[in-house]
Structures are given as C-alpha cells and as structure tokens.
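**Q** Guided by the hints, dock chain S onto chain A, whose structure is given.
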Amino acid sequence: GAVVSQHPSRVICKSGTSVKIECRSLDFQATTMFWYRQFPKQSLMLMATSNEGSKATYEQGVEKDKFLINHASLTLSTLTVTSAHPEDSSFYICSAPPGQMIGYTFGSGTRLTVV
Amino acid sequence: GENVEQHPSTLSVQEGDSAVIKCTYSDSASNYFPWYKQELGKRPQLIIDIRSNVGEKKDQRIAVTLNKTAKHFSLHITETQPEDSAVYFCAASINSGYSTLTFGKGTMLLVSP
Numbered sequence: 001g002a003v004v005s006q007h008p009s010r011v012i013c014k015s016g017t018s019v020k021i022e023c024r025s026l027d028f029q030a031t032t033m034f035w036y037r038q039f040p041k042q043s044l045m046l047m048a049t050s051n052e053g054s055k056a057t058y059e060q061g062v063e064k065d066k067f068l069i070n071h072a073s074l075t076l077s078t079l080t081v082t083s084a085h086p087e088d089s090s091f092y093i094c095s096a097p098p099g100q101m102i103g104y105t106f107g108s109g110t111r112l113t114v115v
Numbered sequence: 116g117e118n119v120e121q122h123p124s125t126l127s128v129q130e131g132d133s134a135v136i137k138c139t140y141s142d143s144a145s146n147y148f149p150w151y152k153q154e155l156g157k158r159p160q161l162i163i164d165i166r167s168n169v170g171e172k173k174d175q176r177i178a179v180t181l182n183k184t185a186k187h188f189s190l191h192i193t194e195t196q197p198e199d200s201a202v203y204f205c206a207a208s209i210n211s212g213y214s215t216l217t218f219g220k221g222t223m224l225l226v227s228p
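Note that the protein sequences, when read in sequence, are chains A and S. Everything in the first sequence is counted per the numbering used here, starting at 1 for the first residue and increasing by one. Everything in the second sequence is counted per the numbering used here, starting at 116 for the first residue and increasing by one.
So that you can see chain S by itself, here it is in the shape it has in the complex:
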C-alpha cells in the first residue's frame, strides 16, 4: 500500500519567515495530494491540494509543488503569521474510485511573533 513520509516533525519560524514542509510517497499510482491544517481538537481543514497533472499550485501565501518523478511534494507558506501555527498533514491517494487518503505523520508548525 501507499506510504507517506513527512518532514520535519516540528518546525519553528519567526513571523514573516517562510515555512516549507516536505513529503514523499511510495505508490506511483497516487494522483491526488492534499494538505490539511489541524488545530488542536479540531477536524483537519483542507488548505490546498494538487493533482498529478500539474507541478505547482498557489493560493495567496500557500503553494504546493509536486515532482512526480521523484515522488515528492512540498508545502510552502510565505509571510507566516502566528495564526498559521497548527499541525499540517500531507496526504496522498488515488482519487479515482474514491480510494482512501494515506496521511503523513504531521508537522507541528509554530510561528513566533
């Protein structure tokens, strides 16, 4: 089955800095890669996703890049703010056929004022 590795497990940055979280996946058939933000005790919230037919996607301060050949994808947050502090999860799935998401272990991002 799919295996998703995520690094780093914790990331501390100063407000205004950029943050990068990286994930690798094992199943070359995976074609859907969402990123979720989870605050303590709450549900994961989708912040951005990318499909295998594109290499990069951007939404304001958040961007995701995908390298299918290397089977890795990354989340980039620019101009970080304290409210960006949360746990971020990457995931991968074969989106056709409603297959399940396989999650990375998560990255705790702390943005200090």
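The following block holds chain A by itself, in its conformation from the complex:
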C-alpha cells in the first residue's frame, strides 16, 4: 500500500539553528503533500500545502519565511524550520493523498525539541 517515509523521527536542536524534515512517497507519486503540526494533546493543524514544481500554500498565521517548504520532485517534500525557537517544539507530520479514491497516508512524524 501507499507509504510515506518521514525523517528524522526525533530531533533536538539548539535555539537559532535550522532543522530539515523530509517526507518521501515510496511507492506513488505525490504532486501534493500536506504538512501538519501537532502540539501535545491537541489536534493536527494544517501548516501548508506543498505542491510539486510550484510554491507552497501556507495557512493563515504560518510564517512562510520561517517554515520553508520545498517540493522538488514527485516523491520528496521537505520542511525546514529556520531559526528555531523553543515554541517551535512540536510534532510535525506530513501527509499525502496517493490517489483520489484512496485515503490520505501519513508519515511517521518528527518530534522536534528546541532547547
């Protein structure tokens, strides 16, 4: 079945540094990927929609210069958290729709801790 691989699963970084998170669709082409953020005991909140070959679409309140998204190929989307701060600590997870009649599949998530 459709698989999305996400790396790293956990990362601890110092305040002010940047962190890159990768999501790869392993057995299907993903022209679109969605990036979500989930704070403890909360729901998944959409941050942005990544589109292959074009600019990402960001949700209201999400800083596009802070959360850089690149969707350079049909199987890879990356989210870079720039100049990370402790308040950026969260669970980041990507999702891709393998096909119109198949449910969305999620990556395994990345637990980011900024110290």
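No lab work stands behind these hints: they were computed from the structure. Check before you lean on any hint, since a few could be wrong.
Unchecked claim - Below, computed lysine-lysine pairings styled on BS3-like, alpha-carbon distance capped at 27 Å:
no.	chain 1	residue 1	chain 2	residue 2
1	S	LYS220	S	LYS137
2	A	LYS64	S	LYS220
3	S	LYS186	A	LYS41
4	A	LYS41	S	LYS157
5	S	LYS157	A	LYS20
6	A	LYS41	S	LYS152
7	A	LYS66	S	LYS157
8	S	LYS220	A	LYS41
9	A	LYS41	S	LYS137
10	S	LYS152	A	LYS14
11	A	LYS66	S	LYS186
As the list claims (entries may be wrong) - Examples of chain S residues toward chain A, derived with CB under 7 Å:
no.	residue
12	GLY116
13	ARG158
14	LEU216
What the hints assert, rightly or not - Some chain A residues well away from chain S (every beta-carbon gap over 10 Å; in silico):
no.	residue
15	VAL62
16	LYS66
17	THR82
As the structure is a prediction and not an experimental result, all values here were calculated from the model. The beta carbon of each residue, even a glycine, is placed where N, CA and C say it ideally should be.
**A** Just chain S now, with coordinates in the frame of chain A:
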C-alpha cells in the same frame, strides 16, 4: 473554510461496552470523512472512512454513519478492548482535487479492563 467539531473530548468505557464519537462539519461540499486512531507519539492510522454516497459503513467492530442532511457523522466501536485506547480524530475533506483534511479536536478513548 471547513470546520469540524468533535465530541466528546474524552470517553471512558468498560471493556466490552460500545463507544460512540460524534462529529459535525460545516462545508456541505465535503464528501470524504475518514477516522484516524493515534497512539501516543505515533502517526494517525486510518481505521475507517466513508464517502458521501453512502450512509453507513462497517468493518468488524467499527462502523461509521453519515447524515449529509444534518452534516454529522459518527464512529461506533462495539465490544471495546483495552487496545482500542487511543486518541481518535475525525476529519472531512473535498476528496476530489486532493484538498486537505480538516480534523476534529480529537477524542481520548480509555477502555478499562
């Protein structure tokens, strides 16, 4: 945009009882309604979904019902087991065109032995 409300936020049941989680949505154009189970620190796992052309779908102990007129859908888990304990999220989307999922706030289900 779409708004999904989910209730209850927490649900405690005894093993063997049934559990029901309810969601409402606001956008009448939504036509795809998945339910996800998320264990602590892990990715959401799709457990069942329903499309707007049917009113009910069942898979073993899990069933989902959809009322398009009222814009609400529900998850029913029968004969609950301790391993059903997790957070459950409902979601809605306009599946055509690869639009995003809008999630409910989640329900923490605790099944006591």
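**Q** So if I understand the rule, the pair passes when the alpha-carbon distance is 27 Å or less; does LYS41 (chain A) with LYS157 (chain S) pass?
**A** holds, 13 Å
**Q** Please verify that the nearest CB of chain S lies beyond 10 Å from THR82 (chain A)'s CB.
**A** holds, 23 Å
**Q** Regarding the pair LYS220 (chain S) and LYS41 (chain A), is the alpha-carbon distance no greater than 27 Å?
**A** Roughly 9 Å separates the two Cα atoms, so the pair holds.
**Q** Let me know if the C-beta of LEU216 (chain S) comes in closer than 7 Å to any C-beta of chain A, holds or violated.
**A** OK, holds: LEU216 (chain S) within 7 Å of chain A, min 6 Å.
**Q** When you check the alpha-carbon spacing of LYS186 (chain S) and LYS41 (chain A), does it fall within 27 Å?
**A** With a Cα-Cα distance of about 26 Å, the restraint between LYS186 (chain S) and LYS41 (chain A) holds, given a limit of 27 Å.
**Q** Quickly compare the C-alpha distance for LYS66 (chain A) and LYS186 (chain S) to 27 Å and report which way the hint goes.
**A** violated, 37 Å
**Q** May I ask you to test the interface hint for ARG158 (chain S) with respect to chain A, counting a Cβ-Cβ separation under 7 Å as satisfied?
**A** Cβ of ARG158 (chain S) sits 4 Å from chain A, so the hint holds.
**Q** Does the alpha-carbon distance linking LYS157 (chain S) and LYS20 (chain A) stay inside the 27 Å limit?
**A** holds, 19 Å
**Q** So, GLY116 (chain S) near chain A? Judge it on the closest CB pair being under 7 Å.
**A** violated, 9 Å
**Q** Do the alpha carbons of LYS41 (chain A) and LYS152 (chain S) lie within 27 Å of each other, as the hint requires?
**A** holds, 14 Å
**Q** Regarding the pair LYS41 (chain A) and LYS137 (chain S), is the alpha-carbon distance no greater than 27 Å?
**A** holds, 19 Å
**Q** Between LYS64 (chain A) and LYS220 (chain S), does the CA-CA distance stay at or below 27 Å?
**A** The given pair, whose Cα atoms are some 25 Å apart, holds under the 27 Å limit.
This entry does not satisfy hints 10, 11, 12, going by the numbered hints stated previously.
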